[in-house]
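Using the sequences plus the hints, can you model the full thing?
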Amino acid sequence: MQRRDFLKRGLLAASSVAGRANAAEPRLTVYAADRVAAIAPDFLGLGYEISSVARPGLLSASNSVYVQLVRTLGARGVIRIGGNTADFASYASAGAARSVPNGTVVNDAVLRDLGAFLKSTGWTLIWTLNLGSGSEAEAVAEARAVLAAAGSNFLAFEIGNEPDLFANTNHRKAAYEYNTWLAEYRRYKAALRAQLPGVRLAGPDAAFRTDWVARFAADEGKDAALLTHHYYREGQNPGSTVEKLLGPDPKLQPQLDQLKAASQACKAPYRICEVNSFSGGGRPGVSDTMASALWVLHYLFTLAANGCAGVNMETGVNQLGFISSYSPIGDDERGHYSAKPEFYGMLAFAQTGRGSLLRSEFDGAPASLRAYATRQGAGPIFVTAINKGTTATAFDVNVPGVPVSSGASLLRLAGAGMDAKSGITLGGAEVTPAGIWQADRAERAPVRGGGFRLELPQASAAILQIG
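All residue numbers for the sequence shown refer to our numbering, where the first residue is 1 and numbers rise by one.
Don't take every hint at face value.
To be verified - Using C-beta positions, here's what the derived DEER-type ranges look like:
(1) Glu430 / Ala305: 28 to 38 angstroms
(2) Tyr31 / Ala141: 27 to 37 angstroms
(3) Ala305 / Gly239: 44 to 54 angstroms
(4) Pro250 / Ser422: 24 to 34 angstroms
(5) Ser93 / Ala37: 38 to 48 angstroms
(6) Thr180 / Gly364: 47 to 57 angstroms
FYI, nobody ran anything at the bench for these hints, they're computed from the structure.
Ideal Cβ placement from N, Cα and C applies to all residues, glycine included.
This is the structure:
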């Protein structure tokens, strides 16, 4: 559904609120003409282990519900194929496809399915070649087959998954460092370019060594399609709580500062091409709840505000061979697929995360309350507000120069509570079993003084459309 229409159904009568605002309450001011960051049209993405591709019929145009779920997130996006299984995987043109953690095999049949899937969704592809246990010749053969299958939907190849962890995963000796990896990257690059001139490459696909990205930007950035990095809050463990997920991560902003600087220095965009809440499949009871929907919505806007070109949220089967708790798209492994809590956070972002991020000032807001304003061209202004707290809150929204007579409508992202695993809605509607979403409940935002009043229940978010 077009964003200009998504608030037209079910509008309630407008109401005004008399009285002066409580000086202690937060106040958001949005500057409609001050655009501070562009949001790429293909910002949203999904990430898969390469073992997912070897599951016949999964990433296939014939999997109509799965195709629709992806399209519901947007007409443009990026599919990233990689993960730990990539450095144990191989390509066999006519061999039998095999989906296992350490020994996945992809063939021409599953690659053709993937290519048709990409065409059906309109999304593009990042593919990771096996550096950990492969060879240049094998990489060239695999790359040629992937390019033939993906066609115009191809974006870039990565050479190795998380090479900064190769010493930990026994792919290389403990002394393996950046310069050794760079020499290997350049050998693969030379072999690929000799057979596939101009083929686009991305890297270094670092797990946590952000300095590798900065060094790669200086060494190869002018020849790279993307700079790539991963992010998880931490490895899942008993301490991986809702409070930790929704609280500040002290390592995140310094990491984003380094990535933005590296990107600006070489003019190559950076992408967080593998990300989710807690690694190792996520923490059950945390990664699969309403809390994760709020986390991902906040995280996506945080990256957009830091100049990131896009994000690939991990979903589906993981490197351990089971479906991750954090998956945005649920998979019962019997052919049934569904929208899980994180999907709704991504879906909320998809309604507003286009065009440009606008400058805003949020006076008096607690750490649990965040708001972001966006606008595409001269269209409506969207304010996305997120309440990660355990109490209801309210604040006023003012947009200097935009009269309240233009009106404002409201969609809510809601669930039964922070721990809700189902029954989550956006605009009063769930994603249907066919993968389709359409809002069926909107509100007219109350006018208060020279702005609009926004009330947010605990553990919820809302999208305010002004104009």
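Outcome of the hint check:
1. Glu430 / Ala305: 28 to 38 angstroms: Holds, at about 29 angstroms.
2. Tyr31 / Ala141: 27 to 37 angstroms: For Ala141 against Tyr31, whose Cβ atoms are near 53 angstroms apart, the range 27 to 37 angstroms is violated.
3. Ala305 / Gly239: 44 to 54 angstroms: violated, 28 angstroms
4. Pro250 / Ser422: 24 to 34 angstroms: Since the Cβ atoms of Pro250 and Ser422 sit about 33 angstroms apart, the hinted range of 24 to 34 angstroms holds.
5. Ser93 / Ala37: 38 to 48 angstroms: The hint (38 to 48 angstroms, Cβ to Cβ) holds, given that Ser93 and Ala37 are roughly 44 angstroms apart.
6. Thr180 / Gly364: 47 to 57 angstroms: Hint holds: Cβ distance 51 angstroms, inside 47 to 57 angstroms.
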